[in-house]
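**Q** Chain by chain, the residues run as shown.
Protein chains: 2
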Amino acid sequence: MSIRQILFLPHNQKISVQDGANLIRSAMEAGIHINASCGGEGLCGKCRVIIESGTIGDGISEKLSKSDVEKGYRLACRSAVTGDITVRIPVESSIDTGVLNARSSPRRTARIEEMNLDDLKDQGLFIPPVEKKYLELPEPNSQDRLPDVTRLVSFLKLNHGENRLVVRLPVIRKLPDVLRQSSFKITATIARPVQKGRKSHIINIEPGDTADRNFAIAVDIGTTTVYGQLIDLRTGNVLAQQGEFNGQISYGEDVITRIMYAEKPGGLEKLQEVVVKTINTVIAKIVKRAGIDREQVSSITLAGNTTMTQLLLKVTPRYIRRSPYVPASTLYPPIHASSIGIALGDHVTALVYPAVSSYVGGDIVAGVMGSGMYRTDKLTLFMDIGTNAEIVVGNKEWLACAACSAGPAFEGGGIQFGMRAAKGAIEDFSISPVTFEPMNITVGNVRPKGICGSGLIIMAAALLEAGVIDNQGKFNRDLKTPRIRKTYGIWEYVLAWKEDTQIDRDVVLTEVDIENLIRAKGAIYAGCQTLLEEVGMKLGDVEQIILAGGFGSYIDLEKAMTIGLLPETDPGRVTFIGNGSLMGAKMSSLTNRIRKDVVEVTRKMTNFELSEVPSYMDHYVAALFLPHTDVKQFPKLMRRLHR
Amino acid sequence: MSIRQILFLPHNQKISVQDGANLIRSAMEAGIHINASCGGEGLCGKCRVIIESGTIGDGISEKLSKSDVEKGYRLACRSAVTGDITVRIPVESSIDTGVLNARSSPRRTARIEEMNLDDLKDQGLFIPPVEKKYLELPEPNSQDRLPDVTRLVSFLKLNHGENRLVVRLPVIRKLPDVLRQSSFKITATIARPVQKGRKSHIINIEPGDTADRNFAIAVDIGTTTVYGQLIDLRTGNVLAQQGEFNGQISYGEDVITRIMYAEKPGGLEKLQEVVVKTINTVIAKIVKRAGIDREQVSSITLAGNTTMTQLLLKVTPRYIRRSPYVPASTLYPPIHASSIGIALGDHVTALVYPAVSSYVGGDIVAGVMGSGMYRTDKLTLFMDIGTNAEIVVGNKEWLACAACSAGPAFEGGGIQFGMRAAKGAIEDFSISPVTFEPMNITVGNVRPKGICGSGLIIMAAALLEAGVIDNQGKFNRDLKTPRIRKTYGIWEYVLAWKEDTQIDRDVVLTEVDIENLIRAKGAIYAGCQTLLEEVGMKLGDVEQIILAGGFGSYIDLEKAMTIGLLPETDPGRVTFIGNGSLMGAKMSSLTNRIRKDVVEVTRKMTNFELSEVPSYMDHYVAALFLPHTDVKQFPKLMRRLHR
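Top to bottom, those sequences are chains X and P. For the first sequence, my numbering gives the first residue as 63, with consecutive numbering after it. For the second sequence, my numbering gives the first residue as 63, with consecutive numbering after it.
Hints listed in this document are in silico derivations from the structure and should not be mistaken for laboratory results. Note that the Cβ used here is the ideal one computed from N, Cα and C, for glycine as well. Accuracy of the hints is not assured; some may be wrong.
As the list claims (entries may be wrong) - Which bits of chain P does chain X cover? Going by a derived footprint, with three or more residues having C-beta under 8 Å, they are:
1. 219-230
2. 275-286
As the list claims (entries may be wrong) - What follows is a list of derived Cβ distance ranges for each label pair:
3. P:201 / X:533: 54 to 60 Å
4. X:397 / P:437: 38 to 44 Å
5. X:131 / P:403: 31 to 37 Å
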């Protein structure tokens, strides 16, 4: 077969492919990202590229306008490479990693709460999972011929009261030379059992005294982003933190498209490989930034949703998306980090957070642990809002949870100009009640190219309060402004004219977008109601709300209540914990008490399948208004609207 | 550098090497064996090769006679390849693998004892370490959404009373598809904890009902040979057995030369690799012969001396041969067989026998376990005779052990025509008391090429009883026979004239050979005496003797007592257990009771360093006669000699 050359711009990267190769797959394999919410299935129309030279087979789609096609736009997923070509990936089709680790601080959000090592100690929750001890062993002689391992174990027993020690083979391999190179002065790393009465493991030995260099890594594996923290196990301090887009994005934006990819031959292995690559990138950066020796990391804890967890562990997620939606496992044994490709020492154990069900995963369990919800007396509503909104209600006595398919509206999916909260996304918005002219504020303060989830909520609330849309999300057709118009039969509001954008097209919000938003927020609100009713309570009984998740941190509380996404309550009762998954992973790194409790908590969390609860559909339909058909639930908003 | 060609005969194998390469190393790297007791150090003179064409640098040694050199003989270890050459490896420099698995049955040896599954059951020692259970699980539906792992574990708990189960990651990986491909009818393999109260592990699952296919492998890793057995875990029957020369032989014949090789760069890795290769050859053969599926092997148990064990586990043996002779460990944790390269399923755990000290290894502990010595009331003397003779005395209450450096005489080392018990080795001998003409019986009934250890003992005893040698091992110079002669100043007895041998040289037994034999047997006898005295007993107190080891099986008991290798006793009190190491490995495969007891036994075995006991040297010097200076210890022999 013939070989074809592709030059990617603006990367200026050249690759060779077989004649007839699919363009988006070729890019993926070369590590070049092109947006594709649908995973390259030809459905979403987001993988727009410009063919700057050469010709390409197909690539045409109803997702491209005639003028797009004339300008050279093609859909990469539909394109076959049949000659040497130059391909430009336009800004709207690229991810923007710069924004991940440098976002402005959240505004108008709930107060932030985080636990630290001192809190843990105060609460009697501190049981270090990995300790280092510096030891000066006696040297062997003709009167003392103890084997090296026996020498080490006996010394720890005699001088440190350590019983029931297991020495792993890699330590036995290192021991003879390390002992003699360091005159029998060594530091032993000891991993403690989570369950009382089980054995401690000597997992590493180092020459000399390194007892003050003992670190852990906590990782949140999100569908979109992977965040990691480097933690000093002596102080509990976070020494460095880093976020990276999950490399799996190139293989599908949401869990369903990932699962579909994983079902293809070699797909599971590929997805496992790329997420580990992302994790290793995160590790490399935080280790470097903190200036520590990677070999001195003693443990890693990872949390992710059920699909992310199964992909990480190379466990087929096939049955997660098939009725009756059964995960392979909820509990995973500790494994050697290196055995799944994580670039840490052979002695490092990886702890993976347990899940509850196919759609309430380890990230939510981690949030419940990290937020301390499982130890509170107060009736708590915990919400993590993303493509799936996971809801947990309960307190230290009981916990109930459910996932509701909110759809991808909050992450930019199903919204014509929807995008993640990356540079150019409109994240704040206001509208003149007189001229109906908008004020857009974008991430990075650049010209807009789309709308992110938090911006969408603010827009809908502002348009509702200004009377631009009604309680069904329909535009007031009578308003005198060119910004409200009908295009291809669909009413829309022009947020930014073509010349003011980065993308050479008008950025608009359509009635279809608003409908999708209403469905998303309705599903979540109805989910909370249904779950509470199933345990014999109602929204009014809730004493505190905990918001978790990257998206949650940018929710404008007041606006979220205005559109009926959150129940109307005193904002003082709402706590924002940020990345709950990362928080929980960090807590597990710090203390075995959390590692022990989490198994108990996972068992305690009763999972409800909302689709099986008859009242859910009623609550959902009732919530398909702004804010709700039952306006009595939103008294403050009603007073404001009537003013 | 120039490349040189070597053609090896009779293999007819051609290899290319760098100019100047060492001949024996080049052969090793190509997998062609040349005997080298000294590990290629130029000391033993056994790596004789014939240069049939081309010339070679050096290769001359005082180990070669003038006429040898004229005939083209060179020592491979001293030869540098400086041109294209043809090298013939003569029969005396090659190993002969054919004999390993097809030896004639032992004659005039002690009775053989072996325990089987029924004995274990009778003695209440049977606790199966790995079980298989066939399970028909309920299928999930919208009312029963248990995760796959929970489904399996709950079912085992409810229907089989199984508690405290751990499911390993590889099983979790297999579970979703296997369950659905087999309509939720599966067989689970469950590994039981050795210590009570610890958890059982589900190590494998298979579709359908395979509960009747559950096998184990037991392996003895000897310095010279590796033996393996395939065991049916339902019946305890041995389905197949195989012996192979340990591939490490090419890197040195004894443990010391192996350790020296392991200390070279890459040496440890190489020795680990080749012994695993040998083990895998053994496994392949027994699995094939028994006609079973390799995936249905559930466990493997390995026993070897301390050096073999450390090499297998890639733990440097460097300090075993350096004062104060400390092993890295005596106890090793169970490991995944595949993690050290053993070609069995990922679920298979390898159990490695614990050792006592650098020179009393897992092979001896296995013998103590397999022979049942650790459970007897009788004062027992256990001996495993080889290059090192290991001695254990004691009973169920206490155990004491020691190693004595017997030297390699019994394995052919230090004996001019010494060789292993392979084809052509003289293994039986008698002498006419009138003509002093010999009758040689060789392994395989072919023309002799050397003398094996058991033959050597018989020769010395026969020569002593015939008055050909005196009690110091010196030839009677007055006998009228051309077979007794002096060559290069050393007296010798011609066992076979040149024309009657395979090797075109007279096969002789020299006074130096007999001296080496006397030193070897003296060291062992003195070792037994010293060890018994150290625990306040004497040889006369011994109630039974257990002989273990491949060599032991061919010892002629009467002759061994005649030369004073064994104390004079009623042959009915002597039991031969054959390969005690393999026997112990097999017992551990069959029952967790032995796996549990062995840790206790290892702790109980008090190790004595004979070189540190002052009386040892006195006993040794006293034993340097045939049979002993203190003839009162051999009354029967004395009566016979005086007749």
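**Q** Against each hint, give a clear statement of whether it holds in the structure.
**A** Results of checking the hints against the structure:
no. : hint                      : verdict
1   : 219-230                   : holds (count 3)
2   : 275-286                   : violated (count 0)
3   : P:201 / X:533: 54 to 60 Å : violated, 46 Å
4   : X:397 / P:437: 38 to 44 Å : holds, 39 Å
5   : X:131 / P:403: 31 to 37 Å : violated, 58 Å
Hint compliance for this structure: hints 2, 3, 5 are broken, all remaining hints hold.
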